[in-house]
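Asks: Residue strings, one per chain:
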Amino acid sequence: MTKQRQLRFTVIRSLVAILIALLVATLLIFISASGATFHDKLEATREALKQMLAGPVFRFSKKNGTAFEAKRLADILAAMIPTIFTGLSVCVMFSANQFNLGAEGGIMLGAFVTAMVAIYLPLPAGLHPVVAVLIGGAAVALVMLLPALLKTKLNVSEMVCSLMLNYIIMYVIKYLMNTHLADKSRGQIMSYPFRGSSAISPIINNAVFSGAKLSWGFVIAIAAVILCGLFMYRSRWGYAIRMIGINQDFAKYSGMKVGAVIVLSQVLGGFLAGAGGGIEMLGRYTSFSWSALPGYGWTGITIAILAGNNPYMVPLAAFFMAYLSKGCDLMATYAKVPAQLIDIVQGVIFLFFAAEQFLSGYRQKLVVRSAQEEIERARAEGGRQNA
Amino acid sequence: MPDERASENYVVRMKGITKVYPNGVAANQGVDFDLRKGEIHALMGENGAGKSTLMKMLFGLEQPTSGEIIVNGEKLELTSPSVAIAHGIGMVHQHFMLVPSLSVAENMVLGMAPKKSGLFVDRAKAIEITREYSEKFNLHVEPEAKVMDIPVGMKQKVEILKALVRGAKILIMDEPTAVLTSQETAELFVELKNLKNQGYTIVFISHKLNEIMEITDRLTIMRNGRSMGVYNTCDVTKEEISRLMVGRDVVLSVQKDKAVPGDTVLRVRELEYVNEWHKKMLDKVSFDVRKGEILGIAGVEGNGQKELIDMLFSFNVPNSGTATVNGTSILGLPQQRIRELGVSLVPEDRMLYGIAADASIEENVISDRASDKRYNSGPLFNMKAIHQEADRLIREFTVLCKDRSQHVGMLSGGNIQKVVVAREFSNDPVLILADQPTRGIDVGATEFIRKKLVELSRSGIAVLLVSADLNEVMELSDSLIVMHNGQIAAYFDDTAGLTDEIMGEYMLGLKQQSDQEIRRACHD
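For the record, the sequence lines run as chains A and X. With this note's numbering applied, the first sequence corresponds to residues 1 to 387, in that order. With this note's numbering applied, the second sequence corresponds to residues 1 to 524, in that order.
One chain only, chain A, in its complex shape (with noise of 0.2 Å):
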């Protein structure tokens, strides 16, 4: 197939399951929108729809009517900081077929550990986060060897083993903060706050943006996507992982090392998530309170599969979830959906994006189409060089 046909089909594809998704989210809101007859449901669902299609960067009111949000557009952005570490985490995996599920406890214990940094080691501003989230990162590098080395050397599931020590990691975090760390000065429960000096600066003007939160972070992590894509398509250890999750037995036919490089594509990944919460919490928080896994992960699985683990594709995805996101968070507010609707959104996309087969005939059909022109093409080169 040549190479506009395959795009083609990809876009397509995207947009046909997109679509579909939609389609399924409008019959779902048109069901528990409110309402006692068929207009007022219909006129429900239509608010509903506006809202999440065009809420997150308009603010619809009565007075002003339809006006652009810097706002909503910032907070969509910061959003997608912690995704994209978390969607190029999965990425760094995935590509070495390894199903390693612990970017979510990743997160999370990243985020801990910055903030433990944070808080006790008196650091320079400035120096203060970059250390804080290295060893951030550094702390869920070195746990994810755990599911590695155990699925190298004795061939355990990575993907049961990660997915248990998501709860670890949470119970063992929730404990220590329950029992030694938390701030006992405070209504809830929650750590001392953060050094002033590990804070990561915002990036915009709050004039501006009246109130948006968005801090350098996003930079960093735009930066991220960049390295990580150079790491995976320009060097010998990112194409290692590559033909590791293409072809595993060639590879160890080529002679790599393919214990080291499946170990290698973990505790990166398990890198980048845990640096992601480190960033996440140093530029938003200024003390550490999450008591329940945040969700993060799970995203990243699904961006990560939109974005056909190519890192580059990674920011495009998280926006696109974190739009979503936004959309069924104010559709909840302003029209009484459930926000719960967006899970079922991205359950059906990831469904149709996951079906090998979605529209494989329609595939096959310029397959069919492509190979015909070649013989076409074939023959009257043929037919020239006889004459």
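Bear in mind the hints are in silico, worked out from the structure with no lab data behind them. Be careful, since some hints might not be right.
[Unchecked claim] Calculated lysine to aspartate or glutamate pairs in the EDC-like style (CA-CA distance at most 20 Å, straight line):
{"no.": "1", "chain 1": "X", "residue 1": "K402", "chain 2": "A", "residue 2": "E376"}
{"no.": "2", "chain 1": "X", "residue 1": "K511", "chain 2": "X", "residue 2": "D283"}
{"no.": "3", "chain 1": "A", "residue 1": "K252", "chain 2": "X", "residue 2": "E175"}
[What the hints assert, rightly or not] Covered stretches of chain X (in silico footprint by chain A; criterion: 3 or more residues with CB under 8 Å from a CB of chain A, positions within the stretch not fixed):
{"no.": "4", "region": "328-339"}
{"no.": "5", "region": "382-388"}
Even glycine gets a Cβ: it sits at the ideal position worked out from N, Cα and C.
Given chain A's structure and the hints, the job is docking chain X onto it.
Replies: Here is chain X on its own, set in the frame of chain A:
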């Protein structure tokens, strides 16, 4: 209306069959094919001509992109093999579809086993059925033997009987003689003629001219996914068939000078290996491969050749024995170390080991050298150097492709193998292990790879060639080993004067050289 009457005799008519695979390969283009009741019909063509694809569609393993299939006058949608079997079509695959650890009788009734008290397999009944069919069709098998213990020829009979038990009236035989010795082939032909006389219709897929002339009534020739016509076997000559099949006169004899062997590169001594079913696959195997020579290993598949290569490339470790390359032991080393010693492998299963199908040609040709200084600058790849290397290899090995970024899985079999060979031949090897290097690929690529092997050996590289293709080993090898039952059955220091018959006797284990003669394979 003579036309009408003639068509009544057709048990199968395939009209205008076109098949395009999801990877874009158009394997069949508007092919017509028909079978008369009670004939042996040859389907001929080179590897990759589309024979197997056409028959897979008749057996319901693949569905045509367009065209229709009419069986016994009824237009059918053959959506799966079970539909085909229900209409009396059976297939004997080239690679047997048998469960090695089960007995012959159990394999016979697999999926349709007779039951005792509705729950347990009735073994006695299964054996009885097997005996009954075995006698009826005069196909001798041992119902109680385990399939892994019986010879290849008998496995094939089990396959044929399996199809017959399931009610097949039309038998598709995919290259049935490829794995047989000449004696076993002769036996098979008697059995096929017998089946024909009982009214069965047989499709005989092959590219061996002598066999076709001997046994078939009509033949359909395929080339490049198209039918080149249908002929009565008695009306055409071998030369005509050959021309129709190949479209040009292929000189398959490779020109080569006499080898001047140098020092020993690969030294194998007393290699022994017992597999997981406690079968001795390698039994005191000892030989040397010297610089500048091609040592061939012939033998019916499954006589230890695969295990030998597995040991030499560390996919497995032997129970005892030694193997050294230029004095360094290679047994159990990581593949990376083995490659550093200058050993290259053209693997038997190219799709499993030879390539990463979803990666580009470029990514495939650098897989063994990606960490090399030449292709890295600092932490990143030197993309310019990699592009140059990939383009050079594509040019030098005439890989037919759009460009270096095309996925290898999209290429034809011959071009995939050229990608493998381009990598394995270009890393300055001292020893090349070539395992079935030209299996299943087109004539052009075959010729190219054979010439390269000779060229490389004459430049001072040691080559160990394992091939089930007798022509290939006899043509290319300077000296030759025949393996049977895990042992070296014969060693020939010169291939001149060797005939198929002599080879066949050693391959089948009818003859065995003395220890003294075999010891000549070691050049101490």
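Asks: For each hint, tell me whether it holds in the structure or not.
Replies: Taking the hints in turn, this is what the structure says about them:
1. K402/X with E376/A: Measuring from Cα to Cα gives roughly 16 Å; hence the hint holds.
2. K511/X with D283/X: Status holds; Cα separation ~17 Å.
3. K252/A with E175/X: Measuring from Cα to Cα gives roughly 33 Å; hence the hint is violated.
4. 328-339: holds (count 5)
5. 382-388: violated (count 1)
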